[in-house]
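Protein chains: 2
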Amino acid sequence: MAFELIPNGSVTTPSGFQACGIQAGLKRSGALDMALIYSPRPCTSAGAFTSNLFAAAPVMVDRRIIASGTPVHAVIINSGNANACTGEQGLKDAEAVAARTATRLQLAPEQVLVSSTGRIGVPMPMDIILNGVDKAVDALSADGGPDAARAIMTTDTVCKHIAAQLDIDGVTVRLGGMTKGAGMICPRLRMEPPQATMLCYLTTDAVIDADALRCCLDFCLDRSYNRITVDGDTSTNDTVILLANGAAGNAPIRKGSPQCQAIAEALCGICSHLAKEMVKDGEGVSRFVEVKVTGAATDQDARICAESVAKSPLCKTAWFGADPNWGRILCAAGYSGIAFDPANVSLDMMGIPVVRNGLDAGVMSEEELAKKVAVPEVFIHLDLGAGQGSFTEWTCDFTYDYVKINADYHT
Amino acid sequence: MAFELIPNGSVTTPSGFQACGIQAGLKRSGALDMALIYSPRPCTSAGAFTSNLFAAAPVMVDRRIIASGTPVHAVIINSGNANACTGEQGLKDAEAVAARTATRLQLAPEQVLVSSTGRIGVPMPMDIILNGVDKAVDALSADGGPDAARAIMTTDTVCKHIAAQLDIDGVTVRLGGMTKGAGMICPRLRMEPPQATMLCYLTTDAVIDADALRCCLDFCLDRSYNRITVDGDTSTNDTVILLANGAAGNAPIRKGSPQCQAIAEALCGICSHLAKEMVKDGEGVSRFVEVKVTGAATDQDARICAESVAKSPLCKTAWFGADPNWGRILCAAGYSGIAFDPANVSLDMMGIPVVRNGLDAGVMSEEELAKKVAVPEVFIHLDLGAGQGSFTEWTCDFTYDYVKINADYHT
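Chains A and B are the protein sequences, given in the same order. Take the first sequence: its position 21, counting from 1, is numbered 20 in numbering that gives the first Met the number 0, and each next residue is one higher. Take the second sequence: its position 195, counting from 1, is numbered 194 in numbering that gives the first Met the number 0, and each next residue is one higher.
Hints listed in this document are in silico derivations from the structure and should not be mistaken for laboratory results. All C-beta atoms in this analysis are idealised placements derived from N, C-alpha and C, irrespective of residue type, glycine included. Wrong hints could be hidden among the right ones.
As the list claims (entries may be wrong) - Estimated spans, in silico, between C-beta atoms of each pair:
1. B:Thr297 to A:Gly384: 46 to 56 Å
2. A:Ala373 to B:Ala30: 22 to 32 Å
3. A:Leu4 to B:Glu367: 43 to 53 Å
4. B:Leu90 to A:Gly384: 16 to 26 Å
5. A:Gly361 to B:Ala66: 25 to 35 Å
6. A:Ser28 to B:Lys370: 42 to 52 Å
7. B:Val157 to A:Thr297: 17 to 27 Å
8. A:Asp217 to B:Asn343: 28 to 38 Å
9. B:Thr69 to A:Gly386: 49 to 59 Å
10. A:Asn356 to B:Thr69: 42 to 52 Å
11. B:Thr171 to A:Gly361: 47 to 57 Å
Using the sequences plus the hints, can you model the full thing?
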């Protein structure tokens with residue numbers, strides 16, 4: 000039951016899913032700005048949403064629908080406006096978008112999920128969006144997944160989608176996914192209560208019950224989205240939605256079964272790919288950096304330490320400059336708040352020993368090491384020598400372009 | 000017993016203190032790079048040091064001396080090398096610097112404190128530094144405070160020193176201080192156990208016992224250095240040292256007395272001035288930002304919330320762009336981890352109501368508000384409506400120059 004990735008796949012790779020990306024007119028650039036995913040067959044759903052207290056209106060709507068267990072048929076998504084910090088009106092607007100989509104697809108409003116991404120605190124331009132809904136319904140197609148992935152982009156420069164397939168007891172089951180970043184990226188998603196502006200939509204044609212689907216999503220989150228950061232800002236709109244429409248016709252998959260684990264691993268394959276893609280396409284990013292922490296007292300300590308290094312502006316700017324500057328990495332570990340003995344710390348960069356027993360390992364000159372880290376993907380391994388806890392965080396450098404993108408955002 | 004600030008004052012403003020700044024040759028630029036503060040009279044001392052686990056060698060030496068209660072006569076300081084993550088050799092080097100200073104001043108080694116700031120993990124160039132000690136001892140003078148303040152600068156662009164005076168029962172008592180930033184600034188100093196790379200040296204000619212002196216410093220820390228951040232990175236070398244030589248001849252000041260409180264407040268006047276100056280001169284800073292949080296459930300909650308906003312890269316880049324973008328401020332409060340009801344949140348910028356009940360207050364257009372925040376000092380007030388807790392953090396914007404300074408640091 001090993002899975003195989005389909006590099007050009009998308010949310011429409013699984014059977015029975017349609018999608019589209021259209022131009023509603025929300026972006027001054029004239030780029031695609033609304034997407035719709037639709038399955039004529041009812042879908043079992045699972046979702047995980049932002050842990051930010053200022054959860055956006057569409058997040059509130061989706062939490063309610065997913066918690067209710069109502070079969071879902073569609074997800075309507077706009078970029079260009081986050082519908083966050085918009086109060087009662089925002090909630091009404093989100094519901095109105097779902098209702099219009101439902102009407103046009105002959106569904107009930109609670110069978111439609113809704114997502115938004117863009118600027119916080121700005122009223123939704125409902126005329127444009129409702130017209131966009133109509134246009135989107137008309138544009139649905141069985142190969143519309145890549146267009147949908149393009150339509151949800153904000154400051155992203157690359158369109159991110161993929162699919163996977165695996166054999167479940169002789170039946171081919173497919174999974175598809177799409178996601179967007181590229182700033183306010185530090186998703187810390189929660190399923191309980193069902194709660195990035197990363198957005199991620201996952202589809203599968205597996206026959207799988209809701210409990211098993213939730214287990215699969217839960218298995219993925221801490222191995223993908225919940226281990227990435229671009230800027231350390233956890234959005235009000237982070238959303239991961241997983242829909243299963245059963246079109247593959249496999250024998251129903253139950254929680255705890257080997258088949259369920261196989262689906263979870265395939266889903267993890269998709270999500271970790273998309274999560275890394277999101278970091279590589281993060282705002283202004285020039286280098287992807289993997290920060291692996293081992294030897295912590297606990298996994299939670301390892302996570303705290305990895306996040307401290309991954310978010311440190313001094314580490315991130317040094318990486319931009321291809322400056323090995325291992326002192327900044329140790330410094331960020333040292334103020335992370337966890338306990339360890341500095342004298343037991345080891346650090347490797349690109350597999351090269353850099354620090355041993357808390358001191359310069361002296362294996363390579365700084366100039367030589369600088370050449371080794373002047374690469375698109377930097378690998379850092381910090382061992383704290385304090386236990387068996389481990390965690391890997393995926394992050395990026397901090398560049399002039401990040402500042403440019405975010406200081407000029409409103410223009 | 001109200002105090003009066005002396006704007007051009009320095010660590011040599013209090014009677015009986017001498018200081019100097021000299022060029023030892025540690026900086027390629029040829030700038031002043033070593034400083035010495037000296038009092039022929041023995042000083043009562045108090046100190047607070049970094050909470051980073053990778054505390055630098057000089058920090059370890061100073062902690063031990065200050066904890067021992069030994070009267071102190073001098074502080075020798077080098078910029079250009081942090082002597083951090085340097086192990087046993089680093090400790091020997093720090094002790095050798097203190098010993099050379101002691102010998103030249105006819106003191107015992109444990110009467111000399113030592114500080115370093117600069118790159119982490121690089122061995123100390125002891126020839127240069129020991130020659131520098133000799134030069135520094137020869138250069139001591141009763142008006143050397145400003146030169147000393149210049150010599151401790153690293154990426155600072157402005158030399159930061161000030162003094163204050165107050166009347167204690169008819170006797171004029173003076174306090175002086177100097178500090179440096181300008182990156183790896185998020186000091187979280189601890190006195191217990193006596194533990195920036197902010198460095199701060201404070202002198203007073205008051206007659207005051209060690210307990211009272213510690214109380215005065217403790218009173219100041221949370222009201223000054225422990226409420227600032229430039230980049231959120233807590234250094235391995237952060238140090239605040241306060242020396243009292245008793246030259247003013249006032250009646251001895253005891254812990255808990257009104258005189259002790261008056262000294263504490265004067266010290267606070269100096270420290271909060273120097274702390275703000277440090278933020279304003281932070282690496283690449285174009286705007287100083289005060290983030291005041293009120294209405295939190297507890298003071299600790301208010302601190303967590305204020306720090307979350309003050310450290311948010313999205314808020315900091317928006318401030319650089321003079322973009323009011325209040326959604327990013329609310330977002331950072333919302334993911335800070337504390338509890339409050341978004342519907343009760345108010346936000347003011349420059350005294351203008353921006354958010355009421357979690358929603359756009361609609362008092363001013365975004366264009367008008369953008370003009371109000373395009374100033375050197377931005378004031379933000381967030382009220383969470385959840386209780387009586389409050390905290391004020393001093394921070395800054397995040398600019399192209401910050402990236403430039405820190406990506407090119409090693410060149």
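Against the structure, the hints:
A hinted range of 46 to 56 Å for the beta carbons of Thr297 (chain B) and Gly384 (chain A) is inconsistent with their spacing of about 36 Å. Roughly 29 Å separates the CB atoms of Ala373 (chain A) and Ala30 (chain B), a value that falls within the hinted 22 to 32 Å. A beta carbon spacing of about 51 Å between Leu4 (chain A) and Glu367 (chain B) agrees with the range 43 to 53 Å that was offered as a hint. Distance hint check for Leu90 (chain B) and Gly384 (chain A): the Cβ-Cβ separation is about 20 Å, which falls inside the suggested range of 16 to 26 Å.
At roughly 33 Å, the beta carbons of Gly361 (chain A) and Ala66 (chain B) sit within the given window of 25 to 35 Å. About 26 Å separates the C-beta atoms of Ser28 (chain A) and Lys370 (chain B), a value inconsistent with the hinted range of 42 to 52 Å. Judged by the Cβ atoms, the range 17 to 27 Å given for Val157 (chain B) and Thr297 (chain A) is violated: they are separated by roughly 44 Å. Separation of Asp217 (chain A) from Asn343 (chain B) is about 32 Å and conforms to the stated range, judged on CB atoms against 28 to 38 Å.
A hinted range of 49 to 59 Å for the beta carbons of Thr69 (chain B) and Gly386 (chain A) is inconsistent with their spacing of about 38 Å. For Asn356 (chain A) and Thr69 (chain B), the Cβ-Cβ distance of about 31 Å falls outside the hinted range of 42 to 52 Å, so the restraint is violated. Our hint of 47 to 57 Å for Thr171 (chain B) and Gly361 (chain A) holds, since their Cβ atoms are close to 55 Å apart.
This entry does not satisfy hints 1, 6, 7, 9 and 10, going by the numbered hints stated previously.
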